[in-house]
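S.K.: With chain A held as given, fit chain B onto it using these hints.
Residue numbers (the working numbering), protein chains in the order written: chain A, 1 to 390; chain B, 1001 to 1162.
To be clear, the hints were calculated from the coordinates, so they are not data collected in a lab.
Check the hints yourself; a few may be wrong.
[To be verified] Taking lysine to aspartate or glutamate pairs in the DMTMM-like style, the calculated list, with each CA pair at most 20 Å apart, reads: (1) K347(A) <-> E1155(B); (2) K1016(B) <-> E373(A); (3) K195(A) <-> D157(A); (4) K84(A) <-> E72(A); (5) K377(A) <-> E1155(B); (6) K1141(B) <-> D1061(B); (7) K30(A) <-> E1155(B); (8) K1016(B) <-> E380(A); (9) K347(A) <-> E1158(B); (10) K1111(B) <-> E1059(B); (11) K1004(B) <-> E292(A); (12) K381(A) <-> D1021(B); (13) K1016(B) <-> D1029(B); (14) K1093(B) <-> E1109(B); (15) K195(A) <-> D228(A); (16) K1141(B) <-> E1059(B); (17) K377(A) <-> E340(A); (18) K1016(B) <-> E296(A); (19) K82(A) <-> E72(A); (20) K1004(B) <-> E296(A); (21) K184(A) <-> D157(A); (22) K390(A) <-> E346(A); (23) K1093(B) <-> E1012(B); (24) K347(A) <-> D1156(B); (25) K1004(B) <-> D295(A); (26) K1143(B) <-> E51(A); (27) K377(A) <-> D1021(B); (28) K1114(B) <-> D1061(B); (29) K12(A) <-> E118(A); (30) K21(A) <-> E1158(B); (31) K1111(B) <-> D1056(B); (32) K30(A) <-> D1156(B); (33) K30(A) <-> E1158(B); (34) K79(A) <-> E281(A); (35) K1123(B) <-> E1109(B); (36) K165(A) <-> D117(A).
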Amino acid sequence: MNPESKLSEIVKTIPPSAIRKFFDLANEMKGEVISLSIGEPDFVTPWPICEAGIFSLEQGKTHYSPNTGYIEFRDEIAKYMKRKFSLTYSAKEEILVTVGGSEAIDNVIRSLVNPGDEVIIPEPCFVSYKACVLLAGGIPVVINCNPENGFKLTADDLTKVISPKTKLLIMGYPNNPTGAIMSKEDLEPIANVIKESGIMVVSDELYAELTYQPAEHYSIAQFDDMKDRTIVINGLSKAFAMTGWRIGFAAGPSEIIAAMNRIHQYVIMSSPSISQYAAIEALRNGDVFVSEMRDEYNRRRRIVLNALSRCGLDCFEPLGAFYAFPCIRSTNLTSSEFCEQFLMEEKVAIVPGSAFGESGEGFVRISYAASIENITKAMEKLVAFVSRRK
Amino acid sequence: MNQKTEIISLLENNAKLTAQDIAIQLNVDPAQIAEEIALLEKQKIILGYRSIINWDLTEKDSVTAMIEVKITPQRGQGFDRIAHRIYSFPQVKDCFLMSGGFDLMIIIEGKTLKEVAMFVSEKIAPLESVVATATHFILKKYKMQGTIYEFPLIEDREAIVL
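Looking at chain A on its own, in the form it has when it is part of the complex (with noise of 0.2 Å):
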């Protein structure tokens, strides 16, 4: 019996990552190579956080929290978003405690989509979204972001796309990996767009909390009307380096929460315990290690413009998360040829940009999340390197 022929037809239409091949070769040579190809802050957890969830193990508070997660933790989760985002949710009603954004992302998209309904995918995005709706069995409707225009969504783009099929966006900004942010601006024509078409939108804001000054961030659920009509998506991985302890969350109308807790229920029961209990320390008390985090990558981020304008690769500039997203085009390689000839040659792992959508070809994403020493000496080691292909 051949075992692949038993698995389901749904799981068939996820496609294997398109740069395996690289990403094999990058594992292979972990430990010898700069890396800076990680999707994570390099900062560990702030201890203050940590000891929090050591506390709560010696108080013995070691068991299922309520579905929904504790109700301590979600009001600090309302007081947050209230203070950052100058959004109003009810603790008890309208927020979900995940396992990471991740979550949240599959379960909102479950909760929502019918077979056959089609969700929009502005690319290049976070790899899962796609996925996601395919398991929902949902047909993903990609919008190739322009880089001309710094990768934003566009109301034009939006509209070309909306069908009397289409159920839902899904968008993620600060932008996995372009960097890209969606001001108050930019934001107002698409919230008018989904407001005339009546569908709804996933807003994953995972790095909110990482936008650059003057920059701000802005929730699309903050234009009058739009609440209801959004579920956002936050966590605590990228704000607070906590991402080992998947604590994400979702918050949105009630009707919808609640149905994502029926989902949550049977298949996760409640997130962990003790990355709750750190979690709300984290809320409480954190913001100074967030500012000083950012601050950090701030000038890691600058490190990295200033070693891209040297070598001559174009590069708008990234006001968000911790990547920059420049185009190679100029070398006359692919991306996944440029990743793996840098792999080898320098020793420094960075990813390409096709791994996010076919828009992403022609760019790679180069994650500032490691250390200043890290990032100089792979700038310099970038600069060599492109230096020998124009």
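M.R.: Relative to the frame of chain A, chain B by itself:
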């Protein structure tokens, strides 16, 4: 944080940063940073540039002690005069005026326990205004001025995370 404070805190963490390095990180003109640093030095806000050394990993033998000193303040001079007499000894690395159960905290470095003990009993304790001393030897340095001395930093992150 204003630019001046940012320059100071960057140099506090890494004195080897050049004006050029800082200029890139703050996205400003290198000449402006050089000027600002020169001014900070002139104003004695930046007093000098030193390295953080873990002497335990070298052949040099040394001991460090923290000494609590109780003193009688002198009329018209307060603690400053006696503090000056004490901190002027080259063996005294740090000297602080304290609140609480004693008055000065001094940190002394010497080659041996005996040398430090002798220094305290011969030079510090006999001073007229010194009422009492208590010597505490440092056995192990875990963290000094924000730097953790020995901590296994294992980089075990995944090679690629999308």
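S.K.: Indicate, hint by hint, whether the structure satisfies it.
M.R.: Right, here's what the structure says about each hint:
1. Of the supplied pair hints, the one linking K347(A) and E1155(B) holds, its CA atoms being roughly 16 Å apart against a limit of 20 Å.
2. A C-alpha spacing of about 12 Å is found between K1016(B) and E373(A), which places the hinted pair at or below 20 Å, so the restraint holds.
3. Between K195(A) and D157(A) the alpha-carbon distance is near 16 Å, which keeps this suggested pair within the 20 Å criterion.
4. A C-alpha spacing of about 18 Å is found between K84(A) and E72(A), which places the hinted pair at or below 20 Å, so the restraint holds.
5. A distance of roughly 17 Å separates the Cα atoms of K377(A) and E1155(B); the hinted pair therefore holds under the 20 Å criterion.
6. For the suggested pair K1141(B) and D1061(B), the alpha carbons sit about 14 Å apart, so the restraint of at most 20 Å is met.
7. For the given pair, K30(A) sits about 10 Å from E1155(B) by alpha-carbon distance, which is consistent with the 20 Å threshold.
8. Distance check on the hinted pair: K1016(B) and E380(A) sit about 18 Å apart at the alpha-carbon level, within 20 Å; holds.
9. Between K347(A) and E1158(B) the alpha-carbon distance is near 16 Å, which keeps this suggested pair within the 20 Å criterion.
10. The hinted pair formed by K1111(B) and E1059(B) meets the criterion: a straight-line CA distance of about 12 Å does not exceed 20 Å.
11. Distance restraint check for K1004(B) and E292(A): the Cα-Cα separation of roughly 16 Å lies within the 20 Å cut-off, and the hinted pair is therefore satisfied.
12. Proximity of K381(A) to D1021(B) is assessed by CA-CA distance (about 17 Å); at most 20 Å being required, the pair is judged to hold.
13. The straight-line distance between the Cα atoms of K1016(B) and D1029(B) is roughly 18 Å, inside the 20 Å bound, and the hint therefore holds.
14. With a CA separation close to 7 Å, the supplied pair K1093(B) and E1109(B) stays within the 20 Å bound.
15. Distance restraint check for K195(A) and D228(A): the Cα-Cα separation of roughly 10 Å lies within the 20 Å cut-off, and the hinted pair is therefore satisfied.
16. A distance of roughly 17 Å separates the Cα atoms of K1141(B) and E1059(B); the hinted pair therefore holds under the 20 Å criterion.
17. Between K377(A) and E340(A) the alpha-carbon distance is near 18 Å, which keeps this suggested pair within the 20 Å criterion.
18. The suggested pairing of K1016(B) with E296(A) holds, with an alpha-carbon distance near 17 Å, which does not exceed 20 Å.
19. With a C-alpha separation of about 16 Å, the suggested pairing of K82(A) with E72(A) holds against the 20 Å cut-off.
20. For the proposed pair K1004(B) and E296(A), the alpha carbon gap of about 16 Å is at most 20 Å, so the pair holds.
21. At most 20 Å may separate the alpha-carbon atoms for a hinted pair to count; K184(A) and D157(A) meet this at roughly 18 Å.
22. For the proposed pair K390(A) and E346(A), the alpha carbon gap of about 16 Å is at most 20 Å, so the pair holds.
23. Distance check on the hinted pair: K1093(B) and E1012(B) sit about 19 Å apart at the alpha-carbon level, within 20 Å; holds.
24. Taking the CA atoms of K347(A) and D1156(B), the gap is about 17 Å. The hint holds against a cut of 20 Å.
25. Between K1004(B) and D295(A) the CA atoms are separated by roughly 15 Å; this keeps the pair inside 20 Å, and the hint holds.
26. Distance check on the hinted pair: K1143(B) and E51(A) sit about 18 Å apart at the alpha-carbon level, within 20 Å; holds.
27. Between K377(A) and D1021(B) the CA atoms are separated by roughly 13 Å; this keeps the pair inside 20 Å, and the hint holds.
28. This hinted pair checks out: K1114(B) and D1061(B) have alpha carbons roughly 13 Å apart, not beyond 20 Å.
29. Taking the CA atoms of K12(A) and E118(A), the gap is near 19 Å; set against the 20 Å cutoff, the hint holds.
30. With a CA separation close to 16 Å, the supplied pair K21(A) and E1158(B) stays within the 20 Å bound.
31. About 13 Å separates the Cα atoms of K1111(B) and D1056(B), which keeps this hinted pair within 20 Å; it holds.
32. The suggested pairing of K30(A) with D1156(B) holds, with an alpha-carbon distance near 9 Å, which does not exceed 20 Å.
33. Among the hinted pairs, K30(A) with E1158(B) is consistent with the structure: their alpha-carbon atoms are about 8 Å apart, no more than 20 Å.
34. With a C-alpha separation of about 13 Å, the suggested pairing of K79(A) with E281(A) holds against the 20 Å cut-off.
35. Between K1123(B) and E1109(B) the CA atoms are separated by roughly 14 Å; this keeps the pair inside 20 Å, and the hint holds.
36. Taking the CA atoms of K165(A) and D117(A), the gap is about 5 Å. The hint holds against a cut of 20 Å.
When each numbered hint is compared with the structure, no violation occurs for any of them.
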